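These protein sequence lines map, in sequence, to chains A and B.
Just so you know, we're using our numbering here: the first sequence kicks off at 2 and counts up by one.
Just so you know, we're using our numbering here: the second sequence kicks off at 2 and counts up by one.
Wrong hints could be hidden among the right ones.
Copies of the same chain are indistinguishable here, so a pair counts whether it falls within one copy or spans any two.
To be verified - SDA-like cross-link-like pairs, simulated, lysine to any residue; straight-line CA separation at most 20 Å:
no.: 1; residue 1: K267; residue 2: R183
no.: 2; residue 1: K143; residue 2: S296
no.: 3; residue 1: K107; residue 2: R232
no.: 4; residue 1: K258; residue 2: G56
no.: 5; residue 1: K267; residue 2: Y279
no.: 6; residue 1: K40; residue 2: A200
no.: 7; residue 1: K298; residue 2: G223
no.: 8; residue 1: K207; residue 2: V111
no.: 9; residue 1: K207; residue 2: K267
no.: 10; residue 1: K267; residue 2: Q247
no.: 11; residue 1: K267; residue 2: Q188
no.: 12; residue 1: K198; residue 2: G262
no.: 13; residue 1: K267; residue 2: D278
no.: 14; residue 1: K141; residue 2: V306
no.: 15; residue 1: K16; residue 2: G262
no.: 16; residue 1: K267; residue 2: E281
no.: 17; residue 1: K258; residue 2: Q247
no.: 18; residue 1: K267; residue 2: R287
no.: 19; residue 1: K267; residue 2: G53
no.: 20; residue 1: K267; residue 2: P253
no.: 21; residue 1: K258; residue 2: M224
I should point out that these hints are in silico values taken from the structure, not numbers from a laboratory.
In this text the structure is predicted, and so the values were computed from the model without any measurement.
Number of protein chains: 2
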Amino acid sequence: MENQQVLIDRLPSGKLQASDYRLTDAPMPEAGADQVLIKTQAFAITAGTRAGLQGSASYAGAPAAGRVMNSTGVGEVVASNAAGIEVGDRVTAPTGWQQYAALDAKQVTVIDADHDPLHYLGPMGVNGLTAYFGLLDVGKPKAGETVMVSAAAGSVGHMVGQIAKIQGCEVVGVCGSDDKGRLLVEQLGFDRTVNYKDANYRQSLKEATPNGVDVYFDNTGGMILGSALFRLNVAGRIACCGVVSQYDTDTPEPGPKGVPGLLVNKRITMQGFLLFDYEERYAEARNDIYAWLTSGKMTSLQDEVSGLGAAPEAFVDLLSGGNVGTRIVRLDQ
Amino acid sequence: MENQQVLIDRLPSGKLQASDYRLTDAPMPEAGADQVLIKTQAFAITAGTRAGLQGSASYAGAPAAGRVMNSTGVGEVVASNAAGIEVGDRVTAPTGWQQYAALDAKQVTVIDADHDPLHYLGPMGVNGLTAYFGLLDVGKPKAGETVMVSAAAGSVGHMVGQIAKIQGCEVVGVCGSDDKGRLLVEQLGFDRTVNYKDANYRQSLKEATPNGVDVYFDNTGGMILGSALFRLNVAGRIACCGVVSQYDTDTPEPGPKGVPGLLVNKRITMQGFLLFDYEERYAEARNDIYAWLTSGKMTSLQDEVSGLGAAPEAFVDLLSGGNVGTRIVRLDQ
Numbered sequence: 002m003e004n005q006q007v008l009i010d011r012l013p014s015g016k017l018q019a020s021d022y023r024l025t026d027a028p029m030p031e032a033g034a035d036q037v038l039i040k041t042q043a044f045a046i047t048a049g050t051r052a053g054l055q056g057s058a059s060y061a062g063a064p065a066a067g068r069v070m071n072s073t074g075v076g077e078v079v080a081s082n083a084a085g086i087e088v089g090d091r092v093t094a095p096t097g098w099q100q101y102a103a104l105d106a107k108q109v110t111v112i113d114a115d116h117d118p119l120h121y122l123g124p125m126g127v128n129g130l131t132a133y134f135g136l137l138d139v140g141k142p143k144a145g146e147t148v149m150v151s152a153a154a155g156s157v158g159h160m161v162g163q164i165a166k167i168q169g170c171e172v173v174g175v176c177g178s179d180d181k182g183r184l185l186v187e188q189l190g191f192d193r194t195v196n197y198k199d200a201n202y203r204q205s206l207k208e209a210t211p212n213g214v215d216v217y218f219d220n221t222g223g224m225i226l227g228s229a230l231f232r233l234n235v236a237g238r239i240a241c242c243g244v245v246s247q248y249d250t251d252t253p254e255p256g257p258k259g260v261p262g263l264l265v266n267k268r269i270t271m272q273g274f275l276l277f278d279y280e281e282r283y284a285e286a287r288n289d290i291y292a293w294l295t296s297g298k299m300t301s302l303q304d305e306v307s308g309l310g311a312a313p314e315a316f317v318d319l320l321s322g323g324n325v326g327t328r329i330v331r332l333d334q
Numbered sequence: 002m003e004n005q006q007v008l009i010d011r012l013p014s015g016k017l018q019a020s021d022y023r024l025t026d027a028p029m030p031e032a033g034a035d036q037v038l039i040k041t042q043a044f045a046i047t048a049g050t051r052a053g054l055q056g057s058a059s060y061a062g063a064p065a066a067g068r069v070m071n072s073t074g075v076g077e078v079v080a081s082n083a084a085g086i087e088v089g090d091r092v093t094a095p096t097g098w099q100q101y102a103a104l105d106a107k108q109v110t111v112i113d114a115d116h117d118p119l120h121y122l123g124p125m126g127v128n129g130l131t132a133y134f135g136l137l138d139v140g141k142p143k144a145g146e147t148v149m150v151s152a153a154a155g156s157v158g159h160m161v162g163q164i165a166k167i168q169g170c171e172v173v174g175v176c177g178s179d180d181k182g183r184l185l186v187e188q189l190g191f192d193r194t195v196n197y198k199d200a201n202y203r204q205s206l207k208e209a210t211p212n213g214v215d216v217y218f219d220n221t222g223g224m225i226l227g228s229a230l231f232r233l234n235v236a237g238r239i240a241c242c243g244v245v246s247q248y249d250t251d252t253p254e255p256g257p258k259g260v261p262g263l264l265v266n267k268r269i270t271m272q273g274f275l276l277f278d279y280e281e282r283y284a285e286a287r288n289d290i291y292a293w294l295t296s297g298k299m300t301s302l303q304d305e306v307s308g309l310g311a312a313p314e315a316f317v318d319l320l321s322g323g324n325v326g327t328r329i330v331r332l333d334q
């Protein structure tokens with residue numbers, strides 16, 4: 002029996018292409034000491050992993066040619082040498098783009114029996130936790146304030162907007178198509194959305210934020226960050242989550258003109274954050290998010306594709322804004 | 002009797018020139034109701050006022066052609082219609098570049114008899130208070146951390162470095178000449194300085210900050226801000242005070258490349274501030290600063306020129322980095 006995998010064939014030069022990946026069959030892995038063998042049910046495709054392909058990552062196991070493409074997945078334990086993890090347990094772990102993964106127990110989180118495993122790729126996983134801590138701890142929105150979020154239809158953005166609504170805020174989403182914008186308003190309760198590809202984007206943003214912006218959750222950097230700086234109110238906060246506008250390129254743009262001039266004039270705080278600094282509080286966040294999901298206050302948008310072979314194209318398409326919500330590759334269909 | 006003044010002859014186009022100003026004689030002003038008449042002893046020239054000449058300021062009394070150039074001054078009350086302010090009192094107030102100013106009592110602060118009035122243009126005035134709140138409240142340095150400051154020999158910068166030393170920090174100053182750097186180390190106790198005009202500036206900065214940078218106090222923006230982003234440690238803080246690199250131009254540069262990418266990766270907080278938000282705490286800060294000055298822990302560097310007519314050239318020179326410490330124009334010599 003073999004283990005189908007998608008390998009990084011070469012680190013991308015310029016824009017990522019599906020041909021930068023290669024589908025292959027490897028020998029079936031085995032669970033070593035303190036390891037479990039996971040059969041992958043599904044994995045998430047997220048823009049952030051594109052940054053790791055820029056070749057600057059230097060940690061052990063960093064993405065490199067010949068390695069299995071990295072991602073968070075969910076699956077079922079089919080063999081276990083780890084205390085406290087049983088065959089049949091449903092788990093979330095960094096499976097990567099492959100059918101089976103043998104992983105150390107400490108990389109594996111067992112999913113509660115009453116939870117939907119696929120939610121661990123969305124609202125209960127990295128994306129939802131990022132939205133939760135970035136908005137609440139970094140952005141610190143107060144009821145009645147205006148929250149703006151970029152990549153608003155993306156895996157993180159669509160949850161940021163919903164959490165902001167739960168806090169009693171006005172929510173304005175920036176996304177790349179009118180269809181996405183309508184969906185965010187009609188299905189997720191966003192107050193208004195603006196399409197950054199429109200020629201009159203800046204004017205539209207101004208009209209969509211009549212009271213200015215108090216908190217901007219930045220998933221993109223670049224031009225949209227620049228436009229937000231002009232709409233931010235005095236004492237505004239920017240939660241810097243990601244820089245998707247700069248991932249899929251070898252030649253990043255300079256930063257926005259308003260830095261640092263507008264930061265000074267408007268006493269703006271701009272703060273970068275990474276999810277893993279909040280690890281001790283994941284359980285607390287998951288409790289809140291689970292309550293919101295089960296009470297209907299939060300909707301998880303999932304954008305599913307089927308089969309390992311579809312993953313490279315699904316990633317390329319996501320980087321050009323093709324997804325709505327969390328893009329998930331399912332291996333169980 | 003007439004009142005000699007320096008007027009803004011026209012708002013500068015491109016770099017400021019002395020010929021953008023005009024020396025003139027006006028009728029002697031009189032103190033109206035609730036006003037005092039001040040005979041100016043000296044006033045400060047500060048880079049921040051260059052920003053007000055860019056023509057975008059819209060508040061009442063904003064700098065404009067035909068108006069007296071604005072600045073903070075100190076002087077003696079020669080006539081008073083204001084309760085609590087007596088003839089002979091020494092005061093600090095927005096006198097502007099003129100021999101006499103009639104000002105509302107609420108714009109005037111009486112200086113304690115045991116204080117040096119000239120210190121109200123430096124450590125006890127706008128510059129010193131800016132250094133105090135920006136470093137302590139925004140930068141939040143802890144003993145043993147490394148503090149980096151740009152325009153380190155400037156009116157704000159040379160006090161930031163000294164306050165950081167008082168907090169027990171390592172202090173690295175960035176300035177525009179080796180002579181300034183030596184002075185900061187030898188006279189003010191800076192640990193190291195780097196000349197940003199050196200061809201190997203970035204390498205020198207790296208060597209001068211072997212433990213990275215925990216707090217960067219930014220007076221300049223531009224290239225030096227960019228270099229600081231690369232040296233900042235995880236959880237580093239940037240206090241955004243001013244953008245002197247962008248004041249004396251019609252065409253501001255874009256922001257540094259590391260924004261927001263490096264902010265995210267290193268969880269950096271970048272916060273703009275304006276002094277007047279701290280007005281309720283000026284007395285507290287002045288108590289600390291006065292104690293530091295009288296105990297010899299802080300030295301006020303003053304860079305004095307004489308006579309109203311010298312002010313325009315002194316401003317042009319300051320914008321190209323000609324000053325060391327607080328540039329003061331004295332009318333009493």
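Same-copy or cross-copy closeness of K267 to Q188 [CA-CA at most 20 Å]: neither (34 Å within a copy, 35 Å between copies)
20 Å Cα threshold - placement of R183 relative to K267: neither (32 Å within a copy, 35 Å between copies)
K267 and E281: within-copy, between-copy, both or neither at 20 Å Cα: The answer is between: 19 Å across copies meets 20 Å, while 34 Å in one copy does not.
Same-copy or cross-copy closeness of K258 to G56 [CA-CA at most 20 Å]: Cα proximity of K258 and G56: across copies only (18 Å, versus 28 Å in one copy).
Intra- versus inter-subunit Cα pairing at 20 Å for K267 with G53: Answer is between; shortest inter-copy Cα gap is 15 Å, intra-copy 34 Å.
Status of V111 relative to K207 across identical chains (alpha carbons, at most 20 Å): neither (46 Å within a copy, 45 Å between copies)
K267 and R287: within-copy, between-copy, both or neither at 20 Å Cα: Answer is neither; intra-copy 35 Å and inter-copy 25 Å both fail.
Identical-chain pair category, K267 with Y279, by Cα at 20 Å: Answer is between: at 14 Å across copies they meet the 20 Å cutoff, but 29 Å inside does not.
Intra- versus inter-subunit Cα pairing at 20 Å for K40 with A200: This pair counts as neither: shortest intra-copy Cα distance 47 Å, inter-copy 56 Å.
Identical-chain pair category, K298 with G223, by Cα at 20 Å: Neither, since 32 Å and 44 Å both go past 20 Å.
Same-copy or cross-copy closeness of K267 to P253 [CA-CA at most 20 Å]: Between. Shortest inter-copy distance 18 Å satisfies the 20 Å Cα cut-off; intra-copy 27 Å does not.
Within, between, both or neither: K258, Q247 at alpha-carbon 20 Å: This pair counts as both: shortest intra-copy Cα distance 16 Å, inter-copy 10 Å.
Hints 1, 2, 3, 6, 7, 8, 11, 12, 14, 18, counting from the list given before, are not met by this structure.
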